[in-house]
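Visitor: Chain by chain, the residues run as shown.
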Amino acid sequence: MLATRIIPCLDVKDNRVVKGVHFLNLRDAGDPVELGARYSEDGADELVFLDITATIRSRKTIIELIEKVAENVFIPFTVGGGIQTVEQIDELLRSGAEKVSVNTAAVQNPNLITEAAKRFGNQCVVLAIDTRRSKEHSNNWQVCVKAGSEPTDIDAVEWAAEGERLGAGEILLTSMDADGTKAGYDIEITKAVTEAVNIPVIASGGAGKLEHLYEAIVDGGADAVLMASITHFENYTLNQMKEYLAGRGIPVNL
Amino acid sequence: MIVVIDYNVGNVKSVCNAFQHIGCDVKLSCEPKEIEDAAGLVLPGVAAFGYAVSALGTTAELIKKVALSGKPLLGICVGFQMLFEKSSEYGEHNGLGLVSGNVIPIPSEQTVPHMGWNQVKMPEAMNLFAGLGSEKHFYFAHSFYAEVNDSEAKVAFTDYGFDLPASVQKANIYGTQFHPEKSGQVGLKVLKNFAQLCKGTNS
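Those sequence lines, one after another, are chains D and E. When we follow this note's numbering, the leftmost residue of the first sequence carries the number 1, and every step to the right adds one. When we follow this note's numbering, the leftmost residue of the second sequence carries the number 1001, and every step to the right adds one.
Keep in mind that a hint or two might mislead.
As the list claims (entries may be wrong) - No more than 25 Å apart at the CA atoms, straight line, and that leaves these computed lysine to any residue pairs for SDA-like:
#1 D:68 to E:1192
#2 D:68 to E:1091
#3 D:118 to E:1199
#4 D:60 to E:1006
#5 D:118 to E:1058
#6 E:1189 to D:108
#7 E:1086 to D:117
#8 D:118 to E:1091
#9 E:1086 to D:38
#10 E:1121 to D:254
#11 D:118 to E:1059
#12 E:1192 to D:67
#13 D:60 to E:1017
#14 E:1192 to D:71
#15 D:68 to E:1030
#16 D:118 to E:1025
#17 E:1121 to D:1
#18 D:118 to E:1121
#19 D:191 to E:1161
#20 D:118 to E:1155
#21 E:1121 to D:247
#22 E:1027 to D:63
#23 D:118 to E:1109
#24 E:1189 to D:38
#25 E:1121 to D:239
#26 D:118 to E:1192
#27 D:68 to E:1025
#28 D:68 to E:1185
#29 D:191 to E:1027
#30 E:1199 to D:1
FYI, nobody ran anything at the bench for these hints, they're computed from the structure.
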């Protein structure tokens, strides 16, 4: 049986790991290479690095960073942020990343998902969706692009299903409402998306306590849980998380 | 010297990093001379099968020749799948045909891709798993799997709603559907075991 994955997320800005609340008010959380190596030794199942600057200048920096990470980390890691072309994906995979996540570019050009899946295999392509509850229709979640700054008319559940049809191998679903609050994952949207797709869904945004992880997995149906604040600032070790989940009957790679 | 075949697909570097980390003499190359002189070959692969096969091009024949001469060959993920005869990923494509069997989609009753850490039951007789005990988690990421149909091959399985072949060994031909280079300490041990087998060939 597949172990439920515990995935620390490292948001990288100007070569530092940062973490905010609702994507704003960023706090420094350390050096990405050191933190990555520490988490992988500590028992993380995967790592996600998101280049949240995602400018042309930061592209070169992120490639150099990924190369350093790859020399020290022997677990899979995903890289995202500002990816627009299949060539950029190729470059990141050649630098040592296992997977890439696409977000804004996939919304603008959904064909990117298909092109990347055909060339690198579905399992390499993570569709990252940043979403928040729509102000007009509280039953809907709208997809936001450009690091959450630009809301669209696209429904998050429909976009996840469309992403699967286009060839995405995995959905990284971030609730902007829950992000950084440490008040728990958004179970409603997580459940809606896990029920709408057959590919793995990584729940993201809101983890603050051990039971939040359990809720996202059992109530939300998530295949993996992503967290940042809880590991960067709350001093829960990955082992503690896994032992807690194992104790409640969740299969983990301990 | 272990040569990791460089054929313009993703993630070849991770394999080199892992071999370097365990103190192996390793080189990323697609030079025929270096491939022929290698103590062992590693065929990595993060790509769709058809793309990987066409990217490999004429190097495929050379790999076959070197493998059939008795040097250890390790296929990883799509590199593992390419050891077999055929795949139906995005159209039908021929593999190296070193191990009998076909690469087919994971049944849709299961979550596809099969991605993450799954437990592999490791038969004692398989060299790659020496010293690892009987069951360990390894990292998988794939949508197709190899249905092994070769009486000469030893097979290790993982449970994914059915017995999914996780590794094969046929004489000097080795393959892992999982990524040893991404499976933490346990995966590094598999690579160490392969490196040990390469030393045995004395080249």
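Visitor: Indicate, hint by hint, whether the structure satisfies it.
Guide: Consistency of the hints with the structure:
{"no.": "1", "hint": "D:68 to E:1192", "verdict": "22 Å, holds"}
{"no.": "2", "hint": "D:68 to E:1091", "verdict": "37 Å, violated"}
{"no.": "3", "hint": "D:118 to E:1199", "verdict": "37 Å, violated"}
{"no.": "4", "hint": "D:60 to E:1006", "verdict": "23 Å, holds"}
{"no.": "5", "hint": "D:118 to E:1058", "verdict": "22 Å, holds"}
{"no.": "6", "hint": "E:1189 to D:108", "verdict": "44 Å, violated"}
{"no.": "7", "hint": "E:1086 to D:117", "verdict": "20 Å, holds"}
{"no.": "8", "hint": "D:118 to E:1091", "verdict": "11 Å, holds"}
{"no.": "9", "hint": "E:1086 to D:38", "verdict": "41 Å, violated"}
{"no.": "10", "hint": "E:1121 to D:254", "verdict": "16 Å, holds"}
{"no.": "11", "hint": "D:118 to E:1059", "verdict": "22 Å, holds"}
{"no.": "12", "hint": "E:1192 to D:67", "verdict": "22 Å, holds"}
{"no.": "13", "hint": "D:60 to E:1017", "verdict": "20 Å, holds"}
{"no.": "14", "hint": "E:1192 to D:71", "verdict": "17 Å, holds"}
{"no.": "15", "hint": "D:68 to E:1030", "verdict": "24 Å, holds"}
{"no.": "16", "hint": "D:118 to E:1025", "verdict": "33 Å, violated"}
{"no.": "17", "hint": "E:1121 to D:1", "verdict": "12 Å, holds"}
{"no.": "18", "hint": "D:118 to E:1121", "verdict": "31 Å, violated"}
{"no.": "19", "hint": "D:191 to E:1161", "verdict": "23 Å, holds"}
{"no.": "20", "hint": "D:118 to E:1155", "verdict": "29 Å, violated"}
{"no.": "21", "hint": "E:1121 to D:247", "verdict": "23 Å, holds"}
{"no.": "22", "hint": "E:1027 to D:63", "verdict": "21 Å, holds"}
{"no.": "23", "hint": "D:118 to E:1109", "verdict": "22 Å, holds"}
{"no.": "24", "hint": "E:1189 to D:38", "verdict": "20 Å, holds"}
{"no.": "25", "hint": "E:1121 to D:239", "verdict": "24 Å, holds"}
{"no.": "26", "hint": "D:118 to E:1192", "verdict": "33 Å, violated"}
{"no.": "27", "hint": "D:68 to E:1025", "verdict": "20 Å, holds"}
{"no.": "28", "hint": "D:68 to E:1185", "verdict": "19 Å, holds"}
{"no.": "29", "hint": "D:191 to E:1027", "verdict": "46 Å, violated"}
{"no.": "30", "hint": "E:1199 to D:1", "verdict": "35 Å, violated"}
The structure shown violates the earlier hints numbered 2, 3, 6, 9, 16, 18, 20, 26, 29, 30.
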